[in-house]
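*Asks:* Dock chain to chain to rebuild the complex, using the hints, since each chain is given by itself in its own frame.
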Amino acid sequence: NAEESPKLLQNLRFHSSNFENILKWDSIQGSPPDTVYNVQYKRYGDPKWKNKDECQNITETSCNLTYETRDTDEQYFAKVTASSRGQRNIQEWRQTPRFSACRDTLIKPPLVTCIPNVRSVRLVVHPSPTALWTSDGHSQTLEEIFPDLFYRLQLHVNHTYQMHLEGKKKEYEFFGLAPDTEYQGVTTISIPTPFKESPPYTCRVRTLADRTW
Amino acid sequence: GLKRLHLGNCVLSMNYQEMRNEFLEIKGYVQAEDGNLDKRILKSSEALQDTKPTERCCFFRHLLRFYLDRVFKNYQTTNHHIRRKVSSLANSFLGIKKELRLCHDHMICHCGEEAKKKYTQILSHFEELDAQTAVVKALGELDILLRWIEKT
Numbered sequence: 001n002a003e004e005s006p007k008l009l010q011n012l013r014f015h016s017s018n019f020e021n022i023l024k025w026d027s028i029q030g031s032p033p034d035t036v037y038n039v040q041y042k043r044y045g046d047p048k049w050k051n052k053d054e055c056q057n058i059t060e061t062s063c064n065l066t067y068e069t070r071d072t073d074e075q076y077f078a079k080v081t082a083s084s085r086g087q088r089n090i091q092e093w094r095q096t097p098r099f100s101a102c103r104d105t106l107i108k109p110p111l112v113t114c115i116p117n118v119r120s121v122r123l124v125v126h127p128s129p130t131a132l133w134t135s136d137g138h139s140q141t142l143e144e145i146f147p148d149l150f151y152r153l154q155l156h157v158n159h160t161y162q163m164h165l166e167g168k169k170k171e172y173e174f175f176g177l178a179p180d181t182e183y184q185g186v187t188t189i190s191i192p193t194p195f196k197e198s199p200p201y202t203c204r205v206r207t208l209a210d211r212t213w
Numbered sequence: 001g002l003k004r005l006h007l008g009n010c011v012l013s014m015n016y017q018e019m020r021n022e023f024l025e026i027k028g029y030v031q032a033e034d035g036n037l038d039k040r041i042l043k044s045s046e047a048l049q050d051t052k053p054t055e056r057c058c059f060f061r062h063l064l065r066f067y068l069d070r071v072f073k074n075y076q077t078t079n080h081h082i083r084r085k086v087s088s089l090a091n092s093f094l095g096i097k098k099e100l101r102l103c104h105d106h107m108i109c110h111c112g113e114e115a116k117k118k119y120t121q122i123l124s125h126f127e128e129l130d131a132q133t134a135v136v137k138a139l140g141e142l143d144i145l146l147r148w149i150e151k152t
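Chains as they are written, first to last, in this note's numbering: chain A, 1 to 213; chain B, 1 to 152.
No wet-lab data here; the hints were simulated from the structure. We put the beta carbon where it would ideally sit given N, CA and C, even for glycine. Check each hint, because a few of them may be wrong.
Claimed, not checked - Pairwise CB distance ranges (calculated):
#, chain 1, residue 1, chain 2, residue 2, range
1, A, Asp46, B, Leu123, 19 to 27 Å
2, A, Asp180, B, Asn91, 54 to 62 Å
3, A, Phe175, B, Pro53, 40 to 48 Å
4, A, Ile28, B, Ala32, 18 to 26 Å
5, A, Arg204, B, Gln49, 39 to 47 Å
6, A, Asn11, B, Leu64, 32 to 40 Å
7, B, Asn91, A, Lys50, 39 to 47 Å
8, B, Gln76, A, Lys50, 30 to 38 Å
9, A, Val124, B, Met107, 49 to 57 Å
10, B, Pro53, A, Lys50, 33 to 41 Å
11, B, Ser92, A, Ile115, 22 to 30 Å
12, A, Leu165, B, Leu64, 34 to 42 Å
13, A, Ala178, B, Asn9, 26 to 34 Å
14, B, Gln17, A, Asn11, 24 to 32 Å
Stated by the list, open to error - Dumping the calculated DSS-like pairs for lysine-lysine here, alpha-carbon to alpha-carbon at most 30 Å:
#, chain 1, residue 1, chain 2, residue 2
15, A, Lys24, B, Lys27
16, A, Lys7, B, Lys43
17, B, Lys85, B, Lys3
18, A, Lys79, B, Lys39
19, B, Lys116, B, Lys151
20, A, Lys48, B, Lys39
21, A, Lys50, B, Lys151
22, B, Lys116, A, Lys196
23, A, Lys42, B, Lys27
24, B, Lys117, B, Lys3
25, B, Lys3, A, Lys169
26, A, Lys52, B, Lys27
27, A, Lys52, A, Lys24
28, A, Lys42, B, Lys151
29, A, Lys168, B, Lys151
30, A, Lys108, B, Lys3
31, A, Lys48, B, Lys117
32, B, Lys39, A, Lys52
33, B, Lys98, B, Lys116
34, B, Lys39, A, Lys24
35, B, Lys98, A, Lys42
36, B, Lys27, A, Lys196
37, A, Lys79, A, Lys52
38, B, Lys97, A, Lys50
39, B, Lys27, A, Lys50
40, B, Lys39, A, Lys50
Bound-form chain B, shown alone (with noise of 0.2 Å):
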């Protein structure tokens, strides 16, 4: 269930496989939620397997930290079951979050214009919506997160 992910120099493990089935598991409530399907905020073309190696892990790390900052911790819903298998993720991705920090303390993590163009795009694109309705789309959209890292 690990999977290796190369960000250029910085290479980190993470529980894959144990995030993608979390995330199954709230699927399907969370994207009914979203009745807004003509938007999305993580778009093609930002895709992070297309961004240059050496600035990877910079721009996971904005999203990592977009995830934290703005998804998981304004997204309400008084189920619980998916409360839980929410905050479950959040911590996930600050297991991830925290070995990433290494990289940037070994100054491996470099932070480039495509990184910072292709986050200020997706945050442009999360703001356009009002938002709760940018919240449960933005966490709807974490296959296609899972998608990138797979292919990455």
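Isolated chain A (complex conformation) (with noise of 0.2 Å):
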């Protein structure tokens, strides 16, 4: 399928993040609205195509192919092909490049509580979940996928100044703070091999009065 100017669909691609990969295209402007989509996947080095079963005669611009491409260390193609139900002789397809959810996957901001007390700030990172499962049927969390992941944390106390701390534990404290004073926590998560940083998830939080005078 050439790549001539698309008639019905363009811009197919994987979009992944903690290891949800959604496939998803767009219609073109001005095609059939009585267009359908067909979606394929296959390992690469295996012969055959499979169909997405869920993602047949679809009119959506997305299928969900997490759990069949959930084996991080196999790299996968996805096929899409448009047809107008009506004008038969329309038909288009796009294969997307290989697609291995190990490299491309990207990371979501870590979940993290912020707790103030009078003169510090604790905050509690969580384990970030993925939609990857184990074998006997538990949710996998990034900090198992990738043991070296470490959380990097910042507190801006101004503009100019910032505490700093990082590591793989779940709890941390900033401390040397003034009561009933506004700080902003930030948290990234970081994985050194393969490199991967989260955006940063950022919690406002006001220190507490002190009430001992």
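*Replies:* Shown next, in the form of structure tokens:
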């Protein structure tokens, strides 16, 4: 299907975050309203394409292939064929580049609870769920998938001064703060191999008033 | 960016992140050149991380030599940027191969049946294809090798 100007679909790509792998594409302005799409996928090195049963003759422009592409050691392709019900002669397909969830997935911001005290702020990082499941049926966390994952934490005191902490543990506390004052906590997930970094999770928190006087 | 790679008693450090970044720059181009999606050279059944620790060093040495002698040397492209990246990757492989030589000299790079069998398998997948197709496919599969290194 030579790359002539697209009539029915374009911009086919995987959008993956925390291993939830969604195939997305765009329809073309002015394409027949009765356009339907058929999705197939294939593991790199396998001879056969497989139909994604839930995404046959669909009108939506996305399809969840998380389960089909869940093996993080493997690479996959997806293909979408678009056709117009009314005008049978119009048909077009697109195929993704080679997709590897481990290499291509984006990391979502961490889940963090920010707990103010009088002169400190405690940040508790919670395990990050993914769309992957272990054979014994529990949802895998990023921490399980990437053993060398660690967290970077900052507490913005003012425009010029921030405090920094980093590590693999779950609880962190910034001390020496002023009572009844607003601070901003910023936490990111960092994975050295393969290198990935999440967008930051930001929380605004106000230390408690000092009632000891 | 340095990663310590444990191959049985042989431990070496390599500029893994730099190699990975360089491959990511050529991945789209090289993998798009590989139109044969049905075949694969580095199969999961021959994965480095699933190899007996005592034979990983030998197997890895074979893989390095395979890429240096059969892939990088024979890859042809008119694209200067791609060619520069490929030679840079080749240099990284040469550096690792030199480090591995030390393990070999210290007799901690033993070649047993498993390493030989896996390498023979990979070579046969490679030789099933015609020459230039095989070279392009093997180069496009560098991220599989990098993934094996990550997991070792």
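*Asks:* Is it true that Ala178 (chain A) and Asn9 (chain B) lie within 26 to 34 Å of each other by Cβ?
*Replies:* 55 Å, violated
*Asks:* When you check the alpha-carbon spacing of Lys168 (chain A) and Lys151 (chain B), does it fall within 30 Å?
*Replies:* 20 Å, holds
*Asks:* Need the status of pair Lys52 (chain A), Lys27 (chain B): alpha-carbon distance at most 30 Å?
*Replies:* Distance ~27 Å between Lys52 (chain A) and Lys27 (chain B) Cα, so the pair holds.
*Asks:* Does Lys27 (chain B) pair with Lys50 (chain A) here, judged by a C-alpha cut-off of 30 Å?
*Replies:* 25 Å, holds
*Asks:* Range hint 30 to 38 Å: satisfied by the CB atoms of Gln76 (chain B) and Lys50 (chain A)?
*Replies:* 34 Å, holds
*Asks:* Is the hinted pair Lys39 (chain B) and Lys52 (chain A) satisfied, with a Cα-Cα distance of at most 30 Å?
*Replies:* Distance of about 22 Å is within 30 Å: holds.
*Asks:* Holds or violated: are the alpha carbons of Lys52 (chain A) and Lys24 (chain A) at most 30 Å from each other?
*Replies:* It holds: about 14 Å lies between the C-alpha atoms, which stays within 30 Å.
*Asks:* Hint says 18 to 26 Å; check whether the CB-CB distance for Ile28 (chain A) and Ala32 (chain B) agrees.
*Replies:* 23 Å, holds
*Asks:* For the pair Phe175 (chain A) and Pro53 (chain B), does the Cβ-Cβ distance stay inside 40 to 48 Å?
*Replies:* Since the Cβ atoms of Phe175 (chain A) and Pro53 (chain B) sit about 45 Å apart, the hinted range of 40 to 48 Å holds.
*Asks:* Given the hint that Lys85 (chain B) pairs with Lys3 (chain B), test it: the Cα-Cα distance must not exceed 30 Å.
*Replies:* 20 Å, holds
*Asks:* Determine whether the Cβ-Cβ distance between Arg204 (chain A) and Gln49 (chain B) falls within the hinted range of 39 to 47 Å.
*Replies:* 44 Å, holds
*Asks:* Can you let me know if the beta-carbon spacing of Val124 (chain A) and Met107 (chain B) is within 49 to 57 Å?
*Replies:* With Cβ atoms ~51 Å apart, the hint holds.
Taken one by one, the earlier hints fail for this structure at numbers 11, 13, 16, 22, 35, 38, listed in ascending order.
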